[in-house]
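*Asks:* Those protein sequence lines, which keep their order, are chains A and B. Heads up: the first sequence begins at 99 in my numbering, then just goes up one per residue. Heads up: the second sequence begins at 83 in my numbering, then just goes up one per residue.
Among the clues, some could well be false.
Stated by the list, open to error - Covered stretches of chain B (in silico footprint by chain A; criterion: 3 or more residues with CB under 8 Å from a CB of chain A, positions within the stretch not fixed): (1) 508-515; (2) 518-525.
To be verified - Label pairs and their calculated CB-CB ranges: (3) A/146 - B/360: 27 to 37 Å; (4) A/148 - B/426: 56 to 66 Å; (5) B/396 - A/146: 35 to 45 Å.
What the hints assert, rightly or not - Listed below are several chain A residues computed to face chain B (Cβ distance under 7 Å; list not exhaustive): (6) 138; (7) 175; (8) 176; (9) 190; (10) 201; (11) 202; (12) 206; (13) 207.
Read the hints as simulated data drawn from the structure, not as lab findings. Just so we're clear, the structure is a prediction, and the values are computed from it rather than from any experiment. Glycine included, every Cβ here is placed at the ideal spot set by N, Cα and C.
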Amino acid sequence: MKRRTFVYSALVVGAGLGVTGIYFRNNETRWKSQPLGYPYILSGICDDETLRKIGTAYRKLVPEENSKEKLLNELNAGLTTRQLNSDRASLVNELELKVESDFKDHKLVTIAGWVLSKTEARQCALLSLS
Amino acid sequence: MHTDARKLENEALLEADICIVGAGAAGISIALEFINRPVKVILLEGGGFEYEERIQELYNGKTTGQPYYPIKSSELHYFGGTTGHWGGYCSLFDPIAFTKRDWVDKSGWPITQETLIPYYKRACPILDIGEFEFDVKYWQEKDPTLVPIPFDEEVAWTKIWRFSTPTRFGTKYRDTIVNAENIHLYTYANVVDITTNEAISDVKTVTFKNYEGKTGRVSAKYFILACAGIQNPRVLLAANKQAVKGLGNENDLVGRYFMEHAEIKSAELWLNQKSELKLYMIVQPRVQGEIAITPKIQENNEILNGIVSFIPLDYAKQMPSYIQLWNTPDPRVNQQHARDAMDKTAGTRLHRIFEKFKPAQSRLMHQAFQLSMRLEQAPNPLSRVTLSDEKDELGVPRASLNWAFTSLEKKSVRKIYEIIGQQAGASGIGRVRLMEELWDENDDTLPVTTSGGWHHMGTTRMSDDPKNGVVDANCKVHGVHNLFIAGASCFPTGAGVNPTFTIVALAIRLAGHIKDLMNSSTSA
């Protein structure tokens, strides 16, 4: 009986770790492949569905940015060519700094109740178009 | 000394130097100040030493406007008064609370925080809150694990609360008052009328009654009304045989500007990394932090003062708001509702046992917290206590309360969370999410789940100008030389802070003022 319990427990824990691993790996893959279209810090708080909902709401709130091109232009603004062409981890880092500086400079937008930086709201918008 | 007024001869006339009406936090604090002094003090209490349904019924009344607790259950009518269900929260009214703010109509006290500081210090032992220390740095030095959230101090700061045990005045001070030779406590003595001289410039007597049909009067040099924020205006308005509009109500201010604290569960803080936020939970030695907005930022944004507390979201989501729980006229039933809800939130007994075995890391660390705001209310003449057509069993018109807000409250709640949201992002700790009730900027109404703190303020507000206030800076009723008011009804604004600490401080100050008056009249 005890052995059976142990086996079940091990299976449950193993499955849990596996799912978690897959989740983080997927997450990592996504932001690594599309850093401009994936708000890294916010993704630690909101699931993908919420991020997309925020993105859709942002495009509705700011219709002049309701296209991939426009959103990419806005997200690229302020980033140097060198930063844009740097490795993806460095670009994620640059975007994090941009988000933080948005908060410090009061470049904010409130969407679905979330008080967000303009940059991460645009990242959500881009995600919602993918 | 104690006398049960039901056993007095009918139409007894009692005489004293000072007559205090009401034995709650304010009335008892004043009486304590006169113990063993060469003055005779009569302290009138409408109830006895314990809760009695028939006595509490005298406080029944109606409410309109923003949903409020049944009036009958929101102030307690026995020796010790509403300290009988006090939560024990003590903090300072900040300097801005006393300031005239251009964006808050009728704001500004005729005294400053500095005036009250010596009295706050003296209130600490009365309320059993330990040392007078409200600086976060002091507590951090004592316990380095109490770490403030790293917000920009120019924008938001950590306000410190101290907690009383809480002191039940009815229990703690009963023997002291009863054994004091110069303090004459009369229980079951409900004040039903006030008689003045012909010019209505001096109170001559107050009349009291009880269910046994006994009537009595008290004659004194000084009278202090200390019956709390709904009953103080009720007694003044009901004293209308000589002053037709009610005593002290020449300028139609008595009962107006009723203020509460709007207590609203209205946002969430989501942290990038789990944290205990230990300083913001209640920790020993009974200290807790909450986030407040600096005066400069309040001014820049033209908002009211609101203080924000943190509760782990898992727990908070299961806890209904107090306005939903405190819904019967019986305060004992309501308290049981609140206790049951808290027990339910804590989980089943089995769940609580399991919780104890969890490592502290998972038990205490949380990613999401509910933000709950305690917001001062803008002074509003339409938010008021009036007399209803219905009378209580002793023949006094019942109180009717209309709780009403301006558009400034909703704007302030929304703005304060946006400021905290900006700070959460700028400091890299996480994100803030406002609840749906706050999303529409054109909607001025507060959610129906908005609770109050059982804090009844403003109904006999303080101002040097009789056209703006019922009492002056010394809590004396304008135009009546020997009538004073004690309690939160004198507050012109309510800060974002529970009132008991300030009630007691102001009561001690009032006692000092009356001592000065007596000394000067003796020496003259």
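*Asks:* Check the structure against each numbered hint from earlier and tell me which ones fail, lowest number first.
*Replies:* As far as the earlier hints go, 4, 5, 6, 7, 8, 9, 13 are violated by this structure, in ascending order.
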